[in-house]
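Undergrad: Each chain, letter by letter, is given below.
Protein chains: 2
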Amino acid sequence: MSEILVVGSVAYDSIMTPSGHTEDTLGGSANYFATAASLYSPVNVVGVVGEDYRSQDLDLLRRRKVNLDGLSQVSGKTFRWRGRYEGDMNNAITLDTQLNVFANFSPELPKSYRATPYVFLANIDPELQLKVLDQIERPKLVGADTMDYWIDSKLETLKKLLSRIDILLINEGELRRLTGNWNTIAAVKQVTQMGPKAVVIKRGEYGFVMFCEGRFFILPAYPVDHVVDPTGAGDTFAGGVFGFLAKTKEGISYANLRQACVHGCLMASFTVQDFGLRALEKVSWSDVELRQAEYLKVISYAT
Amino acid sequence: MSEILVVGSVAYDSIMTPSGHTEDTLGGSANYFATAASLYSPVNVVGVVGEDYRSQDLDLLRRRKVNLDGLSQVSGKTFRWRGRYEGDMNNAITLDTQLNVFANFSPELPKSYRATPYVFLANIDPELQLKVLDQIERPKLVGADTMDYWIDSKLETLKKLLSRIDILLINEGELRRLTGNWNTIAAVKQVTQMGPKAVVIKRGEYGFVMFCEGRFFILPAYPVDHVVDPTGAGDTFAGGVFGFLAKTKEGISYANLRQACVHGCLMASFTVQDFGLRALEKVSWSDVELRQAEYLKVISYAT
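Protein chains in written order, with my numbering: chain A, 1246 to 1548; chain B, 1246 to 1548.
Calculated from the structure, these hints are not laboratory results. It is possible that some hints are incorrect.
Intra- or inter-copy, both count: the list cannot distinguish identical chains.
[What the hints assert, rightly or not] Listed next, the in silico BS3-like pairs over lysine-lysine satisfying Cα-Cα at most 25 Å (straight line):
1) K1442 with K1527
2) K1385 with K1322
3) K1527 with K1356
4) K1442 with K1405
5) K1442 with K1542
6) K1404 with K1322
7) K1434 with K1542
Based on the sequences and whatever the hints tell you, model everything.
TA: What follows is the structure, encoded as structure tokens:
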């Protein structure tokens, strides 16, 4: 039985960056998350694709023993996103979003999914996040992501969700929108008043801020000297976090999350090195160990 | 004899931030640097002030045993800067700059300064930075800062300077301007081709990137939950770096700079907690030790 469940988007992305461009490449939060997390522990995916979804695009997750019983294929086209990055690539410029089959997505979990202990609700409508959560029997650890759009349009539903999750993983812009506070450190403390036991703020090339048990843990990203495409880095980060926690069968604690966030960083550093999932899908466990050793050198103060 | 020499601006700043505003508060790179560095080791200051410089504004540095023989007072008004910060306060918006006596500044070092081993050339015209450097007899370690204005207007002089210094301390925007490269990690490597043995990129709330002996050391800033005024944080950081190196009488090495940069972070974290020098001037050595212990907890991965 899989230890981890993710619900999120499964998409075809068209992306332009200073390094080049790609059309209809495999993407979506569920794909990034599952590709990363499945390196650590088996994953159940909940999502929807259209008739145009290429069967070979399922092979990546199948090779990783990801359970796709909860990925439904319906008539219509797969969700599509078109975006561009410039300069420091810290912000995506959305050129086009076609929800397609995602517009009527209403997640129904297969029975075999309902006892999954580690649950990650990627950035989708908080009503759907709640709907998924309602179908899980006593989850051990629940995490969620969200975005400005839901903070603005469904704040009350989002707050209900926040009161039911253990860990919120969002970026700095979303943190500001949620709290109205420009200071990341102060805003993180505010968010824990809304329910989550732990908060992880994803900062792109600047790494992350983790807060749990009243203590901060803050580190930069692994130094990548050629970032090709930052798409999916945040979902990959979450995949590393949940993968590590599920593999070690741990709950939320400062000590566990500290290690989990380092794995989030390592996973994200692979994703940004090529378009879409191209770099991440090739990563082996020995690559992770090697990169971890390099990363620890870069951030270790001990003489 | 003082171990450290700094040449830079001595100024009155008028600053608006989301926390409030202040008029004609003591500032300038030499003041920030010297206030921080003098906590570690005695400092010689080279600079210029006008007739309007308040005598009590010299008391701060005098209390710290800073040598002011190289601070000349001439007819005219002291350098003034007026600026504003908004939102995340990561960028200053300059509203007004009055060079005043700084316009004709031509640094002449007192004889007693000429054997100072640790030399920091804060952000001034690279011609003046070279002029100061030419007056030092065999310095042990030379560092410099610069800004976009000099990168654009005096690149050849700046390059001459870079070939003669050991360590360059600039921010990410300046790094991009100097190299034309948006990737901080790649750009840092480029800069070491221009001469400096070590490069430190100051990233504000995101900390720093240090590169020396072919290796990176990267850490976030100390988490401050109420940033009042970021003015001078970068010069304070440099003061902590040079203060630490001079105190330990060390040269440039990866191991030394790693510790020095942590002290830079600690010093900068005090500066941003109040307007101008108000917070930094009250800092004692025990405050530094306490904050260091807190900082190491926030960035330490060891379980």
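Undergrad: Could you run down the list of hints and mark each one as holding or not?
TA: Hint check results:
Taking the shortest Cα distances, K1442 and K1527 never come within 25 Å of each other, neither inside one copy (34 Å) nor across copies (36 Å). Taking CA atoms no more than 25 Å apart as the test, K1385 paired with K1322 passes in neither setting, with 35 Å inside one copy and 67 Å between copies. With identical chains, the CA atoms of K1527 and K1356 are never at most 25 Å apart, being 31 Å at best within one copy and 63 Å at best between copies. When the C-alpha separation of K1442 and K1405 is checked against a cutoff of 25 Å, the pair qualifies only within one copy, where the shortest distance is 15 Å, while the shortest distance between copies is 54 Å.
Taking the shortest Cα distances, K1442 and K1542 sit within 25 Å of each other only across copies (19 Å), while inside one copy they are farther apart (30 Å). Within a single copy, K1404 and K1322 get their C-alpha atoms no closer than 32 Å, and across copies no closer than 56 Å, so neither meets the 25 Å cut-off. Proximity of K1434 to K1542 under the C-alpha cut-off of 25 Å is restricted to the inter-copy arrangement: shortest distance 17 Å between copies versus 30 Å within a copy.
The structure is inconsistent with the numbered hints 1, 2, 3, 6, although it conforms to all the rest.
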